[in-house]
Amino acid sequence: MSADEIVGVEGLTVDFLGGAKPVRAVAGVDLTLRAGETLALLGESGSGKSVTLRALMRLLPERRAIIGGRLRVNGQDVRALPDRDLSAYRGRTIAMIFQEPGLALDPVYRLGDQIAEAVMRHDGVSRQAGRARALELFERVRIPSAAQRLDNYAHEMSGGMRQRAMIALALACRPKVLLADEPTTALDATVQIQVLLLLRELQRELGLAVIFVTHDVGVAIEIADRIAVMYAGRIVETGGCRDVIRAPAHPYTAGLLASRTGRASSMGARLPVIPGAPPDMENLPPGCAFAPRCKHAQSLCERGDPPDVAVGPAHRARCFLAPSLPSPACGGG
Amino acid sequence: MDGLGERAPARSSPSPLVGEGRGGGSGGDGTNMPRGTTPTPDPSPAEPRYSEGSATQQSDRSRQQPTSVGGGEKTRDHGGPAQPLLSVRSLIKHFGGRRSFGGRGIRGAVHAVDDVSFDVAEGQTLGIVGESGCGKSTLARLIMQIIPADTGEILFDGEAVGTHALDLVAYRREVQMVFQDSYASLNPRLTVEETVAFGPRVHGLSRRAAIARAHDLIFRVGLAPARFADRYPHELSGGQRQRVNIARALALQPRLVILDEAVSALDKSVEAQVLNLLIDLKSEFGLTYVFISHDLNVVRFMSDRVLVMYLGKVVEIGPSEVLLGAPRHPYTMALLASMPSMDPDRRITEPPLFGDPPSPIDPPSGCRFHTRCKFAAPVCAATEPVLAEIAPAHRAACLLATPGSGHPQAGPIA
Amino acid sequence: MAAVIDLARDAPIVPPPYPPPQAGEGRVGARGYWAGVGRRLLRDPVALAAALVIIVIVFAAILAPWLGLADPYRGSMLRRLRPISDAVYRLGSDELGRDMLSRLVYGGRLSLLMGVLPVVFAFFAGSAIGVLAGFVGGRVNTATMRTVDVFYAFPSVLLAIALSGALGAGIFNAIVSLTIVFTPQIARIAESVTTQIRTRDYVEAARISGAGPLAIIRVHVLGNVLGPIFVYATSLISVSMILASGLSFLGLGSKPPEPEWGLMLNTLRTAIYVQPLVAALPGAMIFITSIAFNLLSDGLRSAMEVK
Numbered sequence: 001m002s003a004d005e006i007v008g009v010e011g012l013t014v015d016f017l018g019g020a021k022p023v024r025a026v027a028g029v030d031l032t033l034r035a036g037e038t039l040a041l042l043g044e045s046g047s048g049k050s051v052t053l054r055a056l057m058r059l060l061p062e063r064r065a066i067i068g069g070r071l072r073v074n075g076q077d078v079r080a081l082p083d084r085d086l087s088a089y090r091g092r093t094i095a096m097i098f099q100e101p102g103l104a105l106d107p108v109y110r111l112g113d114q115i116a117e118a119v120m121r122h123d124g125v126s127r128q129a130g131r132a133r134a135l136e137l138f139e140r141v142r143i144p145s146a147a148q149r150l151d152n153y154a155h156e157m158s159g160g161m162r163q164r165a166m167i168a169l170a171l172a173c174r175p176k177v178l179l180a181d182e183p184t185t186a187l188d189a190t191v192q193i194q195v196l197l198l199l200r201e202l203q204r205e206l207g208l209a210v211i212f213v214t215h216d217v218g219v220a221i222e223i224a225d226r227i228a229v230m231y232a233g234r235i236v237e238t239g240g241c242r243d244v245i246r247a248p249a250h251p252y253t254a255g256l257l258a259s260r261t262g263r264a265s266s267m268g269a270r271l272p273v274i275p276g277a278p279p280d281m282e283n284l285p286p287g288c289a290f291a292p293r294c295k296h297a298q299s300l301c302e303r304g305d306p307p308d309v310a311v312g313p314a315h316r317a318r319c320f321l322a323p324s325l326p327s328p329a330c331g332g333g
Numbered sequence: 001m002d003g004l005g006e007r008a009p010a011r012s013s014p015s016p017l018v019g020e021g022r023g024g025g026s027g028g029d030g031t032n033m034p035r036g037t038t039p040t041p042d043p044s045p046a047e048p049r050y051s052e053g054s055a056t057q058q059s060d061r062s063r064q065q066p067t068s069v070g071g072g073e074k075t076r077d078h079g080g081p082a083q084p085l086l087s088v089r090s091l092i093k094h095f096g097g098r099r100s101f102g103g104r105g106i107r108g109a110v111h112a113v114d115d116v117s118f119d120v121a122e123g124q125t126l127g128i129v130g131e132s133g134c135g136k137s138t139l140a141r142l143i144m145q146i147i148p149a150d151t152g153e154i155l156f157d158g159e160a161v162g163t164h165a166l167d168l169v170a171y172r173r174e175v176q177m178v179f180q181d182s183y184a185s186l187n188p189r190l191t192v193e194e195t196v197a198f199g200p201r202v203h204g205l206s207r208r209a210a211i212a213r214a215h216d217l218i219f220r221v222g223l224a225p226a227r228f229a230d231r232y233p234h235e236l237s238g239g240q241r242q243r244v245n246i247a248r249a250l251a252l253q254p255r256l257v258i259l260d261e262a263v264s265a266l267d268k269s270v271e272a273q274v275l276n277l278l279i280d281l282k283s284e285f286g287l288t289y290v291f292i293s294h295d296l297n298v299v300r301f302m303s304d305r306v307l308v309m310y311l312g313k314v315v316e317i318g319p320s321e322v323l324l325g326a327p328r329h330p331y332t333m334a335l336l337a338s339m340p341s342m343d344p345d346r347r348i349t350e351p352p353l354f355g356d357p358p359s360p361i362d363p364p365s366g367c368r369f370h371t372r373c374k375f376a377a378p379v380c381a382a383t384e385p386v387l388a389e390i391a392p393a394h395r396a397a398c399l400l401a402t403p404g405s406g407h408p409q410a411g412p413i414a
Numbered sequence: 001m002a003a004v005i006d007l008a009r010d011a012p013i014v015p016p017p018y019p020p021p022q023a024g025e026g027r028v029g030a031r032g033y034w035a036g037v038g039r040r041l042l043r044d045p046v047a048l049a050a051a052l053v054i055i056v057i058v059f060a061a062i063l064a065p066w067l068g069l070a071d072p073y074r075g076s077m078l079r080r081l082r083p084i085s086d087a088v089y090r091l092g093s094d095e096l097g098r099d100m101l102s103r104l105v106y107g108g109r110l111s112l113l114m115g116v117l118p119v120v121f122a123f124f125a126g127s128a129i130g131v132l133a134g135f136v137g138g139r140v141n142t143a144t145m146r147t148v149d150v151f152y153a154f155p156s157v158l159l160a161i162a163l164s165g166a167l168g169a170g171i172f173n174a175i176v177s178l179t180i181v182f183t184p185q186i187a188r189i190a191e192s193v194t195t196q197i198r199t200r201d202y203v204e205a206a207r208i209s210g211a212g213p214l215a216i217i218r219v220h221v222l223g224n225v226l227g228p229i230f231v232y233a234t235s236l237i238s239v240s241m242i243l244a245s246g247l248s249f250l251g252l253g254s255k256p257p258e259p260e261w262g263l264m265l266n267t268l269r270t271a272i273y274v275q276p277l278v279a280a281l282p283g284a285m286i287f288i289t290s291i292a293f294n295l296l297s298d299g300l301r302s303a304m305e306v307k
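Chains as they are written, first to last, in this note's numbering: chain A, 1 to 333; chain B, 1 to 414; chain C, 1 to 307.
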C-alpha cells in the first residue's frame, strides 16, 4: 500500500453461513483508494457491492459472515481491530450513508441532537459545542434555514433533506473515508443531481475518499474518478472513468453500457441486451461467472477463473479474452 | 428446433437466478438446476423474435397498423381510426382536507390530480413523466377506475366509461395495468398459471381454456410454460415476475395497457430485456401504452408522445422528440438537465433546480412551479397558466412560452 | 393459432408446441406454501415432540374403549384413594375408588372436546365476521368491530362464567359459552389481517380484472388470511381447555360422574391431604396438553413466517 493510499483491500472474501451451504458473496476483491478520490462500485443486485462496503465497516453479522483477506483503512488493519477501537474507527475514520435515510436517522430524536451526540461521543466536547458543530454541518450540506431544521424530527423533512441530514451526520466526526450505499437511488432526478453535486463539493473541500455504490451507470459517470464494475462477487473491470466508459474491456461492462436507454439510436428500435439474469450466488457455474451470458464466451471461459489482466494504463479487466476483444465504440453521451 | 431452442438457455450449465426472491425450503430440486432458471437468452437484434409459427407472425404483423385489422379478425375499433383511444377530460382528484382540532381551520386537501386532460391515439405510446408528488400514480388509478374521480370523465374509443354504452366490466377488458412492485403484485399463494388465468376465468372462460390461454401468454412473454407455469412468485426473479405481471395484464386482451413504473424496480440489464419485450408485444397485439415513469431516458425510448406532470397538473405535452429535444416549459428543461450526462467530460456542474418537489397539500398560487422557476416573474404567482398550444400538437402551460401572457419575457401575440 | 381468442366462444384452443421440459428438471416434491410449512415443521424438534404428545393423548382418548382399561365409572368403597403404584390401580384410584388411569384417558375425550370444539366453531364464526368486516371496510367495518370490542372487553374467564351461568350447566352450554368468548378474539385478528391484505397490489390487480368481491375473497384473500388466523386459533386451544376445566371445576361444565379433568380436579380437592400425587394428576394432564398445543402453535407460527 503506497503512501497516499487510504483504503487498501486485498483478496477480500465474504462467506455467509446459515443456508444449506456457505454462500460466497464476495470472492476476492482488490481495491485501492487515495484521499480525495471517488471510486464508483458499479453492479447489479447480488453482485456483492453492498456486502463489500459493509465489510469495510465491519457491519456484517459476526457469526454469520466470515471475512477473509486484508483490509487496511488509514493504516489500520480493520479485521484485527478490537471492539473498543472499532467504535472509534466508525465515525472518526470511516462513515457510511445509506439508501434509506430512515436507517441512519433515529425517528424519536431531533436531528440536531443526534449529530451533537455523535460529536460529543467522538470528540469529547460539551453539548453546546456539539450543537454548534451540527449547525455548521447543516449549513455545509446546504439545508436551508439550518438553525430551525436542527430541531426537526426526521419525519418532518422531505426525502432530499433527510439525505442531506444523513450526510451531515456521517461527516460529523470528520471521517477520512465516506462509504455511500446507493444514496440517491430512491430520490427524484432533480434531487439526485443536487445530492451528487453536494457530495462532489464536500469531497473536494474535505479531501474525502469516497466509495460510491450504485447500479446506475449515469450516476457513476457523474460522480466517479474511477469505476470498478462488480459481477458475482468479483471486480471484473476497474479503471479510470473515461477509460471504462469509452473503451470497456469486459463484455459485461460493454453490455451494460450498450443497453442504456439513453443511447438508443432510434425510438422503438430494440435495445441490445445482456441475455439471461444475474447469477444465483449459491450455484455459480464453473469458470467465469459471466460466461453463460457472454456472447464471446469460449470453452476456456468455463474452465478456470479468468485472470486479472491489464488492458491499459491503470485499466484492468478480469477476462480471458480481454486483450483481444474489439473495443466497442462506446463514446460518451 | 432452433426457434424453440431460443426459449431455453443455450448452454447446459444452469443459467442462474438473481439472489433476490429466494424462497425458503429446498436448496435443491433434487437436480442441480437452481430454482427459477432464466428465460430466453435474447437473440441478437437482427433475428426475428419468434421464429417458429411464421403463419402466426404474418397475421400478427398485420396488427401493427392499429386501424386495419387483418385476416378476418373481429374488429373492436368502434370509433374509427381518427378517434383517440383514450380521452381524459378535466380529471380532478383531491384527497382528504379535513377540519383539524384546535381551531386551525380546514387543513389543505392533497391536490393529487388537478384538471388533467389529454388524448391517446390508438397504437401510440404516451409517456407520463414527473417526480414524486406529481400525481402520476393517482392518474393511473383514476384511468383504471380503481379510485373514483371527483370530477371529469374518461372516454374510451368515444364512449364514456361507466355509462350504459361502456360499463365498468367491459371497460376492464379493454384497459389493464402493470404495477411497479413485481412481488407485491402477485398473490404468493397462486402459481403463475393460476394468476394469469384468473382474469379470463372471472369473465367466463372455462378452466381448461383459461389455463391454455395462460400458457400461451406465459410463452409470449418469454417464459417456457413447461418450466414456469406452476412456479410460485417467490421462485422467480424480479424480471420474471414482471413478465408474469405483463402476461396477466394481457390475459383479457386489452387494447390499452397502463404501465405504472413497470421497469423502475428492475436491474438495468433486466430492464432492457423487459422494454424489448414490451415493444414486441405492442406490435404483436396492436396495443396502446400509457407508460408512466420517473426516468426520462426510458420514457424517451418508449414513447411517441410525452406528458409532463407537476403537482397534479399537466405542464407540457407533445411529441417526444420535440419535447425532449427542445422543451418549452422550464420544469421540463430542468428535468432534462438533471439527467446524468453519460459523458465523463460533460458532467453537470450546477443543479438545475434547488430544493425538493413541494408537497401537493396546499400547492403554490398561480403557476405551481413559480417557487422554483428561474424565469419566474410576479405575474406567475398571480395567474395560473393554461395548457396552450405553442406548436402543432405541442402544448405547454407556461406564461413564458405563451405570447401575450403578461410575462415580461414572453413575446407579443404574433 | 389464432391471435384473437373470442371470449364469447369456448373454442378448442390448439396450443403451439411448447419446448419440452429439459432433462432432469422435474419438480421434486410439492413446492407449495403449505408443503414448505410442513417441511419446516418437521425440522423443528420442539414442535415435533409437542405434536407427538398430542397425537398420543388424542389417540388414547379415541381408542379408549379398546385399550383394555378398567371401567371408569365403577368404583369401590373399599379401594378408595389408592396411591400411584398400587397393584390393582396403576395410577391410583380416586375418592370413589375408580381407576385413575382409566378416568384420565376417558376424561381426555371430554376435555379435548371442550377445548377444541369451541375454538373450531369460533374459528369459522370469527373468520367470517372478521374477513367480511375487513374486506368491506369503512363504516360497516367500524360498526362491526366496535361491537366485537364490547365482548372483547370482558375478561374471558368472567365472560365464560357469566354465560355458562346464564345458560345453565352442562357440556353443550359450556361449549356454546366458550365459543362466544373466543369468537371476538378471532374476529379481531381476522379483520386486522384482512385489512392488510386488502390493500396489496395483487388484490387491486384482481379488482382490475373485473372480479367481483366474492371471487376476490375466495381466490386471493382467504388463502393469505386463513393461515395467520389458524395459527392464532391453535394458540387458543390451550386457553380453551383451561377455561373448560375451570368451568367444570366450578360445576358449570360437565357433571359427575362424567370423567373430565377439570371436574376430577374439583372432586379430588379434598383428597389432596391424603393422596396429593393422585389429586394432582388431572391438573398435570391439563398442563401437559395445554403446553403441547401451545408449543405446536408456536412452531407453526415460525414455520409460517419464513417466506
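No lab work stands behind these hints, which were simulated from the structure alone.
The C-beta atom is built at its ideal place from N, Cα and C for all residues, glycine as well.
One should not assume that every hint holds.
These stretches of chain A come out as covered by chain B in the derived footprint (C-beta under 8 Å, 3 or more residues) [what the hints assert, rightly or not]:
1) 33-42
2) 49-63
3) 154-163
4) 245-257
5) 273-279
Now for the hints, and whether the structure bears them out:
Counting residues of the stretch 33-42 of chain A whose C-beta lies closer than 8 Å to any C-beta of chain B gives 0; at least three are required, and the coverage claim is violated. Coverage of a stretch by a chain is defined here by at least three residues with a beta carbon nearer than 8 Å to that chain's beta carbons; for the stretch 49-63 of chain A and chain B the count is 0, and the condition is violated. Figure legend: the stretch 154-163 of chain A, annotated as covered by chain B; annotation consistent (4 residues with Cβ-Cβ distances under 8 Å, at least 3 required). Counting residues of the stretch 245-257 of chain A whose CB lies closer than 8 Å to any CB of chain B gives 4, so the stated coverage by that chain holds, three being the minimum.
Three residues within the 8 Å Cβ limit are the bar, and the stretch 273-279 of chain A against chain B gives 7, so the coverage statement holds.
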